[in-house]
Amino acid sequence: MYSLKQEIFKLAKKNNAKIAIGLLEASNSIKDSLKRASSFADITIIGKKIKGFKYIPANKDNIEEKEVKLILSKKIDGLIRGQADTYKFEDLLSKKAGYSREQVLVSGLFEDQFKRMFFTTSGSHSDGWTIKSKILMVDELIKKMNGLKIKPKIAFLTWVRPGSVGRNFFLDQSWEQAEYLVKYYNKKGYKVKNYNIEIETALNDGANLICFATGASGNMFSRTLAFLVKNPFYIYFHTGIRENIIENNRTVQDYFNMVLGASAFAKPSKQKYEKK
Amino acid sequence: MKKNNLFQKVVKSKLKLGKPKVGFGLARPDKEILNSLRKSKKYADIILVGSKSIEKVVGFKKIITKNPEKLLPELLVKGEFNGIVRGTIDDFKTFEAYQKLVGKNKTKKMIELALLEDAFGRQFFLSEGSNPLGWKLEEKIKNCEGIIKFIKKIGIKPKIGVITGVRHNTYKKRKSIKTGVIGILNKTYEDAEDIVKYFRKKKVAIKNYTIELDTAIKDNCNVIIPPNGMVGNQIFRALCLVGGGKTLIVSRANLPHPYEDNSRSEKDFESHVKWLKAWINGMK
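Protein chains in written order, with the working numbering: chain Z, 3 to 278; chain G, -19 to 264.
These are calculated hints, taken from the structure and not from any lab test. Model, not experiment: these values are computed from the prediction. Note that beta-carbon positions come from the ideal geometry of N, C-alpha and C, so glycine has one too. Each hint should be verified, as a subset may be incorrect.
Straight-line Cα separation of at most 30 Å, DSBU-like style, residue types lysine-lysine; simulated pairs [said to hold, decoys possible]:
| no. | chain 1 | residue 1 | chain 2 | residue 2 |
| --- | --- | --- | --- | --- |
| 1 | Z | K232 | G | K19 |
| 2 | Z | K68 | G | K80 |
| 3 | G | K167 | Z | K90 |
| 4 | G | K247 | Z | K117 |
| 5 | Z | K134 | G | K19 |
| 6 | G | K155 | Z | K68 |
| 7 | Z | K97 | G | K155 |
| 8 | Z | K37 | G | K153 |
| 9 | G | K226 | Z | K7 |
| 10 | G | K247 | Z | K50 |
| 11 | G | K247 | Z | K51 |
| 12 | Z | K90 | Z | K50 |
| 13 | G | K226 | Z | K232 |
With the Cβ distance kept under 8 Å, some of the chain G side facing chain Z (calculated, not the full set) [to be verified]:
| no. | residue |
| --- | --- |
| 14 | D98 |
| 15 | G126 |
| 16 | I175 |
| 17 | I215 |
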């Protein structure tokens, strides 16, 4: 049976990409996760020296600058933001690379407890509140999935069930957006449906691209799946930009999946592999 | 990882106190739900209330009616049931019927609270799980007060984690923005700070964890106040319907009668019935 997770492992191994990660502090758990991941990527640490890894010195005042400089220099194939400040990093990246702030988006790839894998929009609270932002994110994910030879089945989520539409103008907006977007992607030939508040039904139906009602719900969904379940598999990554940048929660203690993602997603257009 | 078995702590002493009569709203027969109810019979006499479609269900006492949403709360108020589980019949209609019967004044202090368990056995009450609820500061304070009162009554000392849509540093940088998406997110932070101030004055253990739900749980918070019902609903769905966590109870508390609610997507009702029994017995 085709397994996207296996493909990610295969790709990462095959690419063994040059990646860097920003770390100002490293617990034993972080060090251990990097050691486990080192057979999938050539890892450089930006920040704190860790025995066994290449190192670029940086401190809390300049880590974002060093990260942005390195990824834009193209000396590495991918970057994991790590412990650098999200907003400082994204602001600097936008400025130096010439992106609008709205272009720098965060998406996710998750495997749930039932071994279903799916891509998600809106990892950041402020993303995905408008139709424009949702189209941008969904289009970027479709590109990513095409690169991995996966056919998207899109689910739009809302804040209201169909029976509750009309009671609250604010919540209704998410419904109207979902209805509009279903038509929009339907016309483009995609399998797409408004699953209202029921992500569980969307996943049962085999949806593999989940568009949250807003970034606030997306972030909390991701956080819950990442931290309150056992052995989670997830990769957050930036979309909307040219560089291969992996995102993470700052409190994360295990970077294995992030290294795997950074290596697997490096130069995806050059990859040639087939579904089994 | 430290387990936090609130459920066991609360129900243990009260389960031996007798077998109550519990009404369960069943919209249509469902194999999984009926199996879980069969297992739950050891805790209560379960009477199914539903339309003609449940007529052929065997092994349970049944009350067939054209309008289960009206009859279930009616039998509760009349004292025919000691408590109810709403089950798979309509949420809004059932509660509306109950409100009519007891009077709106008696439901004003009602709070919704769910007890969830993550994959590491850590249990916590979630104050808002319904999308339209919990968007206003007054509402959040009212709910928080209700939860504190309720869980103290059942023997649990509250430790509250308030969640926002923005981190401390990001809020500081953008706090002048009052409109649009950033304005909405900033408001969640300001509400959280007000909630913390309000309850610290009342000597309650409470902290604004910003977006870090995970840190709040790690710190053994036993009550989580999400920024609004929409985020609360998302936490519930991610954890219990996708992430392998459990919903142990979903109660409409501080009402005149024991009224157990649930999500329409749930299939296992054993912990709901077990809890309802302890709740009913605790009121004796």
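These are the hints, each one checked on the structure:
With a CA separation close to 27 Å, the supplied pair Z:K232 and G:K19 stays within the 30 Å bound. Restraint check for Z:K68 and G:K80: the C-alpha separation of about 64 Å exceeds 30 Å, so the hint is violated. For the given pair, G:K167 sits about 22 Å from Z:K90 by alpha-carbon distance, which is consistent with the 30 Å threshold. Distance restraint check for G:K247 and Z:K117: the Cα-Cα separation of roughly 20 Å lies within the 30 Å cut-off, and the hinted pair is therefore satisfied.
At most 30 Å may separate the alpha-carbon atoms for a hinted pair to count; Z:K134 and G:K19 exceed this at roughly 50 Å. Restraint check for G:K155 and Z:K68: the C-alpha separation of about 28 Å stays at or below 30 Å, so the hint holds. Only pairs whose Cα atoms come within 30 Å are accepted, and Z:K97 paired with G:K155 is accepted, the gap being roughly 22 Å. For the hint pairing Z:K37 with G:K153, the CA-to-CA distance comes to about 36 Å; that exceeds 30 Å, so the pair is violated.
Annotation: proposed proximity of G:K226 to Z:K7 holds, straight-line Cα distance about 26 Å (limit 30 Å). Taking the CA atoms of G:K247 and Z:K50, the gap is about 49 Å. The hint is violated against a cut of 30 Å. Between G:K247 and Z:K51 the alpha-carbon distance is near 51 Å, which puts this suggested pair outside the 30 Å criterion. Only pairs whose Cα atoms come within 30 Å are accepted, and Z:K90 paired with Z:K50 is accepted, the gap being roughly 19 Å.
A threshold of 30 Å between alpha carbons decides the hint, and for G:K226 with Z:K232 the separation of about 13 Å falls inside it, so the pair holds. Below 8 Å, beta-carbon pairs count as interface contacts, and G:D98 has one with chain Z at about 4 Å; its hint therefore holds. At about 22 Å, the closest approach between the beta carbon of G:G126 and any beta carbon in chain Z exceeds 8 Å, and the interface hint on this residue is violated. A cut of 8 Å between beta carbons decides the hint on G:I175: the least distance to chain Z is about 18 Å, and the hint is violated.
A least Cβ separation of about 5 Å between G:I215 and chain Z falls short of the 8 Å threshold, and the interface hint therefore holds.
The structure is inconsistent with the numbered hints 2, 5, 8, 10, 11, 15 and 16, although it conforms to all the rest.
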